[in-house]
Amino acid sequence: MTFIVWFAMLGAVLLLLALSSSYLRWMPVTTSVVCLGLGLTLGSAGLGFLQLDITRSSGWLEHLTEVAVLFSLFFSGLKLRQSLLSRRWWTAYFLAGPVMLICIGGVTLLLHYGFDLDWGVAVLIGAILAPTDPVLATLVQVVNAQDYDPVRFSLSGEAGLNDGVAFPFVILGLLLMQDAAPTEWISGWLIKDMLWAISAGLLSGYWMGRGLGHLTLYLRIQNEDSTVSPNDYLALALIALAYVVAEMIQGYGFLAVFAAGLGLRQAEVHTTMNASEPAEHLVQPVVGHQHVTPEHAVKGDVDRLEDTQVAAGIMLGDMLAFGSLIERALEVFLVTLLGVVLVDHWDMRALLVGGALFMVIRPLAVMCIPGKRLATFCQRGLLGWFGIRGIGSFYYLFFALNHGLAANVAPHVINLVLSVVALSIVIHGLTAQPILARYEAAHRSAPSSRTMPS
Numbered sequence: 000m001t002f003i004v005w006f007a008m009l010g011a012v013l014l015l016l017a018l019s020s021s022y023l024r025w026m027p028v029t030t031s032v033v034c035l036g037l038g039l040t041l042g043s044a045g046l047g048f049l050q051l052d053i054t055r056s057s058g059w060l061e062h063l064t065e066v067a068v069l070f071s072l073f074f075s076g077l078k079l080r081q082s083l084l085s086r087r088w089w090t091a092y093f094l095a096g097p098v099m100l101i102c103i104g105g106v107t108l109l110l111h112y113g114f115d116l117d118w119g120v121a122v123l124i125g126a127i128l129a130p131t132d133p134v135l136a137t138l139v140q141v142v143n144a145q146d147y148d149p150v151r152f153s154l155s156g157e158a159g160l161n162d163g164v165a166f167p168f169v170i171l172g173l174l175l176m177q178d179a180a181p182t183e184w185i186s187g188w189l190i191k192d193m194l195w196a197i198s199a200g201l202l203s204g205y206w207m208g209r210g211l212g213h214l215t216l217y218l219r220i221q222n223e224d225s226t227v228s229p230n231d232y233l234a235l236a237l238i239a240l241a242y243v244v245a246e247m248i249q250g251y252g253f254l255a256v257f258a259a260g261l262g263l264r265q266a267e268v269h270t271t272m273n274a275s276e277p278a279e280h281l282v283q284p285v286v287g288h289q290h291v292t293p294e295h296a297v298k299g300d301v302d303r304l305e306d307t308q309v310a311a312g313i314m315l316g317d318m319l320a321f322g323s324l325i326e327r328a329l330e331v332f333l334v335t336l337l338g339v340v341l342v343d344h345w346d347m348r349a350l351l352v353g354g355a356l357f358m359v360i361r362p363l364a365v366m367c368i369p370g371k372r373l374a375t376f377c378q379r380g381l382l383g384w385f386g387i388r389g390i391g392s393f394y395y396l397f398f399a400l401n402h403g404l405a406a407n408v409a410p411h412v413i414n415l416v417l418s419v420v421a422l423s424i425v426i427h428g429l430t431a432q433p434i435l436a437r438y439e440a441a442h443r444s445a446p447s448s449r450t451m452p453s
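Numbering (numbering that gives the first Met the number 0), first residue to last: 0 to 453.
For the record, the hints were derived by calculation from the structure and aren't laboratory data. Please note that a few of the clues may not be correct.
Unchecked claim - Okay, the calculated beta carbon distance ranges per label pair:
hint	residue 1	residue 2	range
1	Asp306	Leu429	44 to 50 angstroms
2	Ser85	Tyr112	38 to 44 angstroms
3	Ala405	Ile185	16 to 22 angstroms
4	Ala179	Asn407	31 to 37 angstroms
5	Gly47	Ala406	26 to 32 angstroms
6	Ile248	Met366	21 to 27 angstroms
7	Tyr112	Arg372	34 to 40 angstroms
8	Asp178	Leu235	41 to 47 angstroms
9	Gly354	Gly10	34 to 40 angstroms
To be verified - Using 25 angstroms as the maximum straight-line C-alpha spacing, the simulated SDA-like pairs for lysine to any residue come out as follows:
hint	residue 1	residue 2
10	Lys191	Ala11
11	Lys191	His280
12	Lys191	His62
13	Lys191	His213
14	Lys191	Gly113
The structure presented is a predicted model; accordingly, all values stated were derived computationally and were not measured. Just so it is clear, CB atoms sit at the ideal spot from N, CA and C, and this is done for glycine as well.
Could you put together the complete structure from these sequences and hints?
Next up, the structure:
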C-alpha cells in the first residue's frame with residue numbers, strides 16, 4: 000500500500016506540473032518551490048497522506064540521491080564545451096576551491112561558537128552544506144553547450160566540481176567525531192581522501208569519456224550507423240563505468256562522472272574539427288530516428304556537414320534530451336519528499352545558519368575572486384547569491400547516517416541540513432527568475448557574453 004501511495008503521489012505531482020507549466024513559466028517561482036509546497040500539503044502537516052522516517056529510510060535514500068546527482072553531473076559536464084584551460088574555467092575553479100573552503104569554515108565556526116556543537120559535528124554540517132547543487136540549479140546554469148555567459152558557466156562548473164571536492168571534508172567531519180587522535184589518521188586523510196581520490200576521479204573519468212567518445216564516433220562513421228545506435232544506452236554505460244572505475248581505484252565517483260561528461264564533449268569538439276557551433280545544434284534528428292532509414296532520420300540539409308558532425312550531433316542531442324527527462328523526474332520526487340518530512344524536521348536555527356551562509360559567508364568569499372577580468376562586480380554579486388543547496392547535500396546527509404554518524408547527534412545534522420536546503424529552495428527559487436531577467440536585460444546589448452571567448 001505504501002508503494003501505491005507514493006507512486007500515486009509522483010503521478011499526481013507530475014500531472015499537476017504538466018498542466019500548470021504554461022502558468023508557472025510566467026510566475027517568479029521555480030518547479031522546486033511548487034514541489035516543496037505540494038510535499039508540505041501531502042505530508043503530516045497537511046493532508047497526512049504520506050509519512051517517511053528519514054533514519055529508517057536512509058539506505059535507499061542514499062542510493063536514490065546518489066543516482067540523481069550522478070545523472071545531473073554527467074549531463075552538466077556534457078554542456079560545458081570550453082577547454083579546461085580556458086579563462087571561463089578560472090572562476091569555476093575558484094568557486095569550487097577557495098570559496099567552498101571558506102563556506103565550510105564559516106559554517107563550522109558559526110555552529111561551534113554560536114550553537115556549541117562539537118568540532119566534528121560542525122565540520123560535518125559545514126561540509127554537507129558546502130556544495131552547490133547541479134540538480135536544482137538548472138535555472139541559473141548554462142542553457143546549452145553554446146552558452147558562454149560567465150555567470151552561468153561559472154556556476155555550472157562549480158556545481159560539477161564541488162559535489163565531489165566536498166567529499167573529503169564530509170569524511171573529515173566523521174573522523175573528528177571518532178575517539179582516535181588526529182595524528183593516527185590525518186596523513187592518510189590528506190593523501191588518500193584529498194590528493195589521490197580527487198585526482199584519480201577527475202583523470203579517470205575525463206579520459207574514459209574522451210576515449211569512449213572518440214571510439215564511438217569512429218565506429219559509427221565506419222559502420223554508417225550514426226542514426227541507429229541507442230545513445231541513451233551509451234550515456235548510462237558511461238555514467239556507470241566512470242563511477243565504478245573511480246570507486247575501484249578509490250577515487251571519487253562524482254568527480255569521475257562529471258569529468259566523463261566533459262571528456263565526451265571534448266571528443267565532440269576535436270572530432271568535429273573544433274567547429275564553433277556544437278554538433279547537436281547543426282543536426283535535427285526526427286523522433287524515432289533509430290527505426291527509419293538514414294536519409295529520413297535527420298531534418299534539414301545535412302549534405303554540407305561532415306559525417307562526424309552528423310554522428311556527434313545525433314549522439315549528443317539524444318543524450319541531452321534523455322538526461323533532461325531523468326533530471327526533472329528525480330528533482331520532482333526528491334523535493335516533494337523533502338516537503339513531506341520538513342515540518343517534522345524543521346529547525347529554527349536554520350534561519351541563522353542559512354542567512355549567514357547565503358547572505359554573508361558566500362557573498363564575501365566570492366568578492367575575494369582575484370582579477371577584475373574574471374567577473375565584474377555585478378557578476379560577483381550574482382555568483383555570491385546563487386549558491387543553491389539541494390540534492391547533493393541530501394546525498395552527503397544520508398551517506399553520513401549510513402557511515403558512522405552517532406545516533407545522539409544525528410537529529411541535529413538531519414534537522415539543520417533539511418531546513419537549510421528547504422530555505423535555499425524557497426529563497427533562491429523565488430528570486431532566481433526576477434534577478435536573472437534583469438541580468439539578461441542588462442546584457443542583451445552585449446552579445447559577447449554569450450559568444451566564444453578568445
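Hint-by-hint comparison with the structure:
no.: 1; hint: Asp306 with Leu429: 44 to 50 angstroms; result: holds, 48 angstroms
no.: 2; hint: Ser85 with Tyr112: 38 to 44 angstroms; result: holds, 41 angstroms
no.: 3; hint: Ala405 with Ile185: 16 to 22 angstroms; result: holds, 21 angstroms
no.: 4; hint: Ala179 with Asn407: 31 to 37 angstroms; result: violated, 19 angstroms
no.: 5; hint: Gly47 with Ala406: 26 to 32 angstroms; result: holds, 27 angstroms
no.: 6; hint: Ile248 with Met366: 21 to 27 angstroms; result: violated, 38 angstroms
no.: 7; hint: Tyr112 with Arg372: 34 to 40 angstroms; result: holds, 37 angstroms
no.: 8; hint: Asp178 with Leu235: 41 to 47 angstroms; result: holds, 42 angstroms
no.: 9; hint: Gly354 with Gly10: 34 to 40 angstroms; result: holds, 37 angstroms
no.: 10; hint: Lys191 with Ala11; result: violated, 46 angstroms
no.: 11; hint: Lys191 with His280; result: violated, 42 angstroms
no.: 12; hint: Lys191 with His62; result: holds, 23 angstroms
no.: 13; hint: Lys191 with His213; result: violated, 31 angstroms
no.: 14; hint: Lys191 with Gly113; result: violated, 32 angstroms
Hint compliance for this structure: hints 4, 6, 10, 11, 13 and 14 are broken, all remaining hints hold.
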